[in-house]
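A.B. asks: Using the hints provided, position chains B, C and D with the ligands relative to the given structure of chain A.
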Amino acid sequence: MITVDHPLLEVRGLTKSFAGVKALQGVDLSVRAGEVHCVLGQNGAGKSTLIKTLSGAYQPDSGEIFWQGERITIGGPVAALERGIATMYQELDVVDGLTIAENIFLGHEQATGGLLHVASANARTAEILTRLGHGEISPRTEVGSLSAANKQIVSMARALSRDTRLIIMDEPSAVLDSQEVENLFRVVKELTAQGIAVVYISHRLAEIRRIGDRITVIKDGRSTATGLSVTDTSTPELIRLMTGRDVDNVFPAAEPIAADAPVVLSCHELGVRGVFRNVSFEVRAGEVVGLAGLVGSGRSEILEAIYGARRSTSGTVTVNGEALRPGSVAAAVAAGIGLSPEERKSQGLILDEPIFKNVTLSSFGRFARSGFLNERRERQAAREQIEALELRPANPDMVTRTLSGGNQQKILLARWLVHGTAVLLLDEPTRGVDVGARAEIYSLIRRLAEAGTAIIVVSSEIDEVLGLADRVLVISDGDVLTTTNANDIDEPGVLDLVMRGSAA
Amino acid sequence: GGGTTNAQPTNASVEGNEAQGDTIVIGFSGPAADHGWLGAINNAAIAEAEKYEDIDLIIAEGTNDANLQISQVEGFINDKVDAIVLLPTDGAALTEVAIQAMEAGIPVINVDREFSSTFAARATILGDNYGMGVSAGTYICEELDGNADAVVAEIAGIDSLPLTQERSAGFAQALSDCGMSVTNRVAADFTVAGGEATTSQLLAAAPQIDALWNHDDDQGIGVLAAIDAAGRDEFIMVGGAGSANAMRLIQAGDSVMKATVVYPSTQAADGIRLARLLVQDKAMSDLVEVEIPNRIVLNAPVVTSENVEQYLPTAFES
Amino acid sequence: MSEQITQTAPPTPQAHDAPPSLLKRMLGGSAGRNLGLVIAFAVLILVGTLTAGDRFASFDNFVTIIRYASVLGVMCVGMTFVITAGGIDLSVGSVMGLASTMASLTAVQLASAQTSWLLIVVIALAVGTLAGLVNGVVIAYGRVVAFMATLAMLVGARGLAELISNRSTQIVSDQGFLEFFRADLLGVPILIWIFLLVAVAGWILLNRTTFGRRTVAVGGNAEASRLAGIKVQRHMVYVYMLSGLTAGIAAVMMLGRTTVGTSTHGLLYELDVIAAVVVGGTLLIGGRGTIVGSVLGILIFSTLINVFTQNNLSTSVQNVAKGVIIVVAVLLQQRFASRGSPGK
Amino acid sequence: MSEQITQTAPPTPQAHDAPPSLLKRMLGGSAGRNLGLVIAFAVLILVGTLTAGDRFASFDNFVTIIRYASVLGVMCVGMTFVITAGGIDLSVGSVMGLASTMASLTAVQLASAQTSWLLIVVIALAVGTLAGLVNGVVIAYGRVVAFMATLAMLVGARGLAELISNRSTQIVSDQGFLEFFRADLLGVPILIWIFLLVAVAGWILLNRTTFGRRTVAVGGNAEASRLAGIKVQRHMVYVYMLSGLTAGIAAVMMLGRTTVGTSTHGLLYELDVIAAVVVGGTLLIGGRGTIVGSVLGILIFSTLINVFTQNNLSTSVQNVAKGVIIVVAVLLQQRFASRGSPGK
Ligand SMILES: Nc1ncnc2c1ncn2[C@@H]1O[C@H](COP(=O)(O)OP(=O)(O)OP(=O)(O)O)[C@@H](O)[C@H]1O
Ligand SMILES: Nc1ncnc2c1ncn2[C@@H]1O[C@H](COP(=O)(O)OP(=O)(O)OP(=O)(O)O)[C@@H](O)[C@H]1O
Ligand SMILES: [Mg+2]
Ligand SMILES: [Mg+2]
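Heads up: the sequence lines are chains A, B, C and D, in that order.
Numbered per this note's numbering, the first sequence spans residues 1 to 504.
Numbered per this note's numbering, the second sequence spans residues 1 to 318.
Numbered per this note's numbering, the third sequence spans residues 1 to 344.
Numbered per this note's numbering, the fourth sequence spans residues 1 to 344.
Just chain A, same shape as in the assembly (with noise of 0.2 Å):
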C-alpha cells in the first residue's frame, strides 16, 4: 500500500439539498490513491449525489474538497476529468447513436482544428477494449445496438480513456452477470496497481469483501463511518451501519410445495425466432421457478414473450389449462399474469404520476362504474398494499420518482397484489435495492409463493436464483440446459453448464 502525505481526495462536511430534500446533510470520505473505497448505504441515502458532486455534475451547498490536499472547487463536469476524477454513472451515460469509439472520446475528441481522426481514435479505442478483455468488440460498433452489459463495459472504457487518478464506479456491476463481474475486477486490480484510486459503489456486500479495502458508509445523508478496513468490519456491522438495524440477509426457508398443487403455468415449446427455442417447462401455484443464466441468454425474452410483451413465433403458454393469444399483453393480464419488468424507470413505472396511480396501473379499471374513477375506493386499496409491504414514505399521493429504487420496486409488486394473479413474473426483482430492501423483497417473493402464486424468478446474481427458487432452469443462448431442483445445484455448477453450454 502506498502512503502518502495527503489522501488523494478528502471531503469533509458535504451539503447538498434539492427544493426542500436534503440529500446530503455533512458526509465525510478519505480515498487514497491506489485503493478500493467501497461507499455503502441505503437507496436514496445519497451515494450517486455524493459521487455527483466530485464529479462536477452538481455544485456542493457547503462542505470542503481536497484534491490531493489541496482545497479545489469542482465547477463541471470538464473540471473534474482535467484533474483526473472519472466516473461511471449509475444511470447508464452512454449515446446510442454514437460507435463505441465516438462515446469513449466525446468531450475530448481526437480532431486536430476540430476536424476528427477517426482511424486513431478507433486504434486507441480497440487497445483499451482488449485491455478489459473485450477485444472481439468492434470499436465501430454502435452503442445502441449493444447489451447494457457491454454498455457498462463501454462507459468503463471511457473512463480508462482518460489520463485518471481516480476511477468513481456508481454500482458497476447491477447490470452484470458473475462472469462479467470478475472481468471488472480484473481491471480494478490492474488500475489499484498503477496507483490509480476507485470509489466502489454496490449493493451487494459479497462483492465488497472481494474487492474493497476500505468503506465508507453513508445513512440519510450524512456518513456513519468512514475509513473502515474491509477485513475488519462484518458484515452484520455493516448492514447496522446502514440500516440501523439487524437484517438477516439470508434466503426465507421454502415450505415443499404440496405434492398436489396443480400447475398453474405451462411453457410448451415456447419459441421466439432468433432469440431462444423450445422451451417447455410448468410451474406448479406455490412454487417459484428460477431461470438461471448469462447476461444476454434470452431470459427476459422468455418472460416477455409468456407475457405476451413478445409474440412468439412458436408454441403455446396456457394459464390454468386455458392457452393465451400470443402477443397479447391484456390477454395475459385477463388471464392473471403479472410482470415486474426488467428496467424499473423505463419499463414499469410513469415516474411523474403520484404511487397509487402506479399501483393501480393494471387494475384502475376495476375502480370504475361505465368509466368514471372513483379515486377514493382506489386510494384506499393502493394504500392498503403500501402499509402492507411497508413501502417508505407510506403516502399514496407521493411523486414516484422521488423513491428510492427498493421502494420502486415494491410499487411494482404492489401493483400485482392490487390486480391479483396466479402468475408473477419477476425480472430482476432486486437490481439496484440495497439489503434492507432487498431482505424485504425476498420474503415477500416467499410470502406470495405460499399464498399459492405461481412465481418466475430472473435474476443475474445466481445465488439469487438458487436461493430464492424450488427449481432452476439454466438458460444459455436460447436454450434451456437443464432444469433442477434449487438444492441440487450450486453456484459453479451452474457457471460450469453454462460455459460449457455457450461452447458447444
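A couple of the hints might just be wrong.
[Said to hold, decoys possible] Pairs of lysine-lysine residues, derived as DSS-like cross-links and limited to a Cα-Cα distance of at most 27 Å, are as follows:
1) B:LYS51 / B:LYS80
2) A:LYS189 / A:LYS151
3) A:LYS22 / A:LYS345
4) A:LYS151 / D:LYS231
5) A:LYS345 / C:LYS231
6) A:LYS345 / A:LYS219
[To be verified] Quick partial rundown of chain D residues pointing at chain A, CB under 8 Å, derived from the structure:
7) VAL216
8) ASN221
9) ALA224
10) ARG226
Hint data in this document are derived by calculation from the structure and do not stem from the laboratory.
Keep in mind it's a predicted model, so treat the numbers as computed, not measured.
Ideal placement from N, C-alpha and C gives every residue a C-beta, glycine not left out.
C.D. replies: Showing chains B, C and D with the ligands alone in chain A's frame:
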C-alpha cells in the same frame, strides 16, 4: 407559332381572329387558387382556352411561393412554349424570369399584378386596384354626403399584397377628397373565416358605423355572417371584386350590402386571348391600331341595385 | 434526460402526511398550475380596459371574444388529449376544412330533398373522426412519427377538400341549421354553449374517467403502460379520433358562424391550437394535460386579438406581440407549474 | 463471445468474424440507410420520363428542379443539425423572409452610396444568425420547448419583417449582386453551386468534426453529453445559430433568384424543410442525422412538383399525393434504415 413582336399582324377582323390558326402552346401560371376570385380567374382562363381548338394550355397553377413560380416559368421556357400568361404571386419577384422568357422569344402576358420592368411583358392586363378604392370611396362619400364625422370602416384583404395597399390608398384618397377618413381598419385574409373573425372583432370595436368597405366579396360572406350575428344594420356596406353572390344580395336589397366594386375575374382569360392573337400575328379587333396594346387597364365600375342586372351575368360564383 | 426534468423545475416540497392541506392542494392543483395564465389573462383584460374602456369591457365584447375562441377552443380540447398522450396533431385545421366542405357539399346537394339538417352535423363529425382514425392507425400501427403522419394529413386533407369542392365555396342555406347554430340561448350564443359543453365533457373525460387515466399513462410512459396491460396502440387511435371529432364539431360551428363550407377554413389553425394548449400548461412531451389551461390559453389569444383590434393596431404588430407573448407565457407557465417541461 | 454480433443485427444469424463484410457495411451505412430514398427517387424519375418524356428528362429541366430545391435545400442542411440535436426550428421560413427584407431594405437605401454588394450578403447572414441566436438562447437557457420558442419566432419574425418593410416589396437593383447570383458557372447556376457547397460543408461538419459528433451526442442523450463535459446549452445555441445562418444564406439566394426581398418569402417553407429532413431519415427525436438523406428528401419533393406540373395536374392533386408520399417515404425509410424511429 413563334410569335415575335415585330411581325405585322395580318388580320384585324373579328371573324379572322376567330378562325383557327396554327396550334400554339400557352403556359399559364397563377397564385394558389385558394379563394373564389382566383379560382374564377383560373376557371375563366381554362374555359377560354377550351374554346379554341388551336390552343394547347399548360397550367402550372397554384402557388404563393415566388421561388416555385419562378421554376414553373423556367419550365415553360425549357419547354419552349409559344406564350406565357402569368399572374405573378409577387410582380417584382417574377420580373427577372419574365424578362428571361421574353429574351428567349416567348411573349409574356402579365395579368393583374404588375411586373417591375416594362421589358418583362409584351402586354399587361390589369384590374384597377387603386381605382377600386376610389370607386368605393366616392360611392360612400356620395351616400353619406361627405359627413366628416361619419364612422367609416375598412376591411382589407391580405395586407402584404401591393394590390391591397393600392386599394386602401385609393379608398383613403377618395374619402379625403370629400373630407372624410377611415376610422377603423382591419385586415383579413381573403377567406370567409378570416372575414368573419376580423369583422366580429371590428364590430365590437366600433359600436356605431356609418359605412363599411370590404375589399373582397369572398371574405364578404364571412363579413356578412358576422354582421348578421351581431344584429347590426345601421350602416351601408360596399363590397369588392363583384361576386355573383354579392350582386344577388344587392339585387334583393334587404341587407346592408348596397353596392360592390367590380374587379374583373376575366383578366387571365383575356390574357389567353391576347396571347393567341399575339402568337398568331393577329390584331385586336375593333382597334384601328394593328398592334396589340402594351397595357390594358380594366374598369372598376360600381354595381348598385340600379345597374346590377347588367353585371350579374358575368359575375363569378364564389 | 429524466434528471434534467427534476433539475429544471425543482419539485415543490411535498408533505409526507397523507392528506395535503387545502391550500397546498389548491396551489399544487389546477389553480396553482394555472396561476401564470390567470395573471397573464388579468393583465390583458386590464390593458384592454385601460386602452379601450367601455368598448372593451362590455358584455357584448366579451361575447365576441369568446365566440371567436369557441371554434378554436373546441379543437384545443381534442388537442389536449393528443398532446397529453404524447402525440401531436398538425392536421386539425385541414381536417376542419375538409369536414366543413364535405358537410356543406351534402347540404347543397340535398337542398331540394327534405333531409334533416342533422345530416350536415353527422357528416361533419364523421369526416373528422374518420380523418382522426386514419391519423391514429398510421401513427399507432404504422409507427410513423406523429409529426409526419399528421403533417401528411394536413397537406392531403386540404388537397382533398379542394378537389371535392372544386375550390368553390359552398353556401349552406338550410334555415333550420342556420337558425339553430346562429341562435342565442339565455343571451349567450349557441356556439359558446357548445364550447362550454365540449370543455366540460373534456375535463370530465380527462380527469374523472378511465379513458383520461389511460391517456395520461400512455403519454407519461408508453412502454410501462403497455407492460401494465393497457392497449396502447388502440388507445392512441382513440385519442386521434377524439381530436378528429373535435375538428368535426369545430367544422359544424364554423358552418354556423360563416354559413359556408370551404377548403380554406381552418388554415393555420393548428398552430394557434397547439400554441394555446402548450401555453396552457399541457406538456409537449406528454404525460400531463390540463383542459382548464387550454381553455385559458385560447381565451388569452383571442382576447389579445381583440385588444389589438380595439386599438386599431396592425396584424404585423399583433404578430410580433403574439410571438413575445407565447414565449413569456411558456416561461410564466414553467415558473408557476409544479413541474416544468424540459428544454427540448 | 458470440452475443455482441447477434445483438447488433437482430434478425439474421450472423457470421462470427469481427470485421463486417463490405456489402454489409454498405447496407448498414449511408447507402443502405438511404436505399428507400434512392428507390423512391428513381421511381419518380422513371414516372417523369415515362409521362413527360424529353421535356422531363432534359438537362435544362434537371437544372430547373435542382435550382428550385437549392433554396430549400440549404435550409434543410441547417435543419438537419437542429433535428439531430433533438430540437426543431419552425421559424426558418419566417427568418428567411425577415433576412431577405432587411438585406434588400439596406440595398435599397444604400443604392446611391457606393457600398459593395457584399453588405447585402453580410446583413442577410447576420440577421439569420441573430434570429437563430435568439431561438437558441430562449430554448437552451430559457428552457422554453423548442417547438414553442420557434413557433413564437415564426409569428414574430414575419410580423417584424412586415413592420420594417411597411409590407412593401423591396427591389434589389445592385447589378453586381444580381450578376453574381444569377450567373452560371460551368453551365450550372451559381445557386446550385451554393447548395452543393453548403451540403458538402454540412456533411463534413456533421460527420467529420467535433461539432458534428457533439450534435449527435446532445440529441442522443443530452444528460450524458453534459456529464462528458460538453457544454450542452452553448452547443444548442450554436446549432440554432447554424440553422439561422442557413436561413440567411437561403435569403441571399432568394434575393438573387427573385431580385426582391419581401416578408412573404419563405411562407410555409418550414413544413417542406422539416418534412424533407425527416423523410430523409433524420430522427425527429434527435441523435441521428443524415445530410445526404436531407438532400435526397428535398430533391424528391421538388422532382415531385415538377413531374406533376409536367403532367398538368392541379395543386390539389399534388397535395393529396404529397400527403400519401410523405407517409410512404417515412415507412420505407423505417424499413430500410438499420433502426426505425419510435411510434411517437
Ligand atoms: N435531482 C434530484 N432532485 C431531487 N431529489 C433528488 C435528486 N437526486 C437525488 N435526490 C434525492 O436525494 C436522495 C439521495 O439520492 P441518491 O440518488 O444520491 O441515493 P443513492 O444512495 O444513490 O441511492 P441508490 O442506492 O438507490 O442509487 C434521495 O432522497 C433522492 O430522492
Ligand atoms: N430489442 C432487441 N432487438 C434485437 N435483439 C434483442 C433485443 N433485445 C434483446 N435482444 C437479444 O436477445 C437476446 C437476449 O437478451 P436479454 O438481454 O433479454 O437476455 P437476458 O438473459 O434477459 O439478459 P439480461 O440479464 O441482460 O436481462 C440477446 O441476444 C439480445 O441481444
Ligand atoms: Mg445511486
Ligand atoms: Mg434480462
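A.B. asks: Each hint: holds or not?
C.D. replies: Against the structure, the hints:
no.: 1; hint: B:LYS51 / B:LYS80; in the structure: holds, 23 Å
no.: 2; hint: A:LYS189 / A:LYS151; in the structure: holds, 21 Å
no.: 3; hint: A:LYS22 / A:LYS345; in the structure: holds, 22 Å
no.: 4; hint: A:LYS151 / D:LYS231; in the structure: holds, 23 Å
no.: 5; hint: A:LYS345 / C:LYS231; in the structure: holds, 20 Å
no.: 6; hint: A:LYS345 / A:LYS219; in the structure: holds, 24 Å
no.: 7; hint: VAL216; in the structure: holds, 5 Å
no.: 8; hint: ASN221; in the structure: holds, 5 Å
no.: 9; hint: ALA224; in the structure: holds, 4 Å
no.: 10; hint: ARG226; in the structure: holds, 7 Å
Violated hints for the displayed structure: none, as all numbered hints are satisfied.
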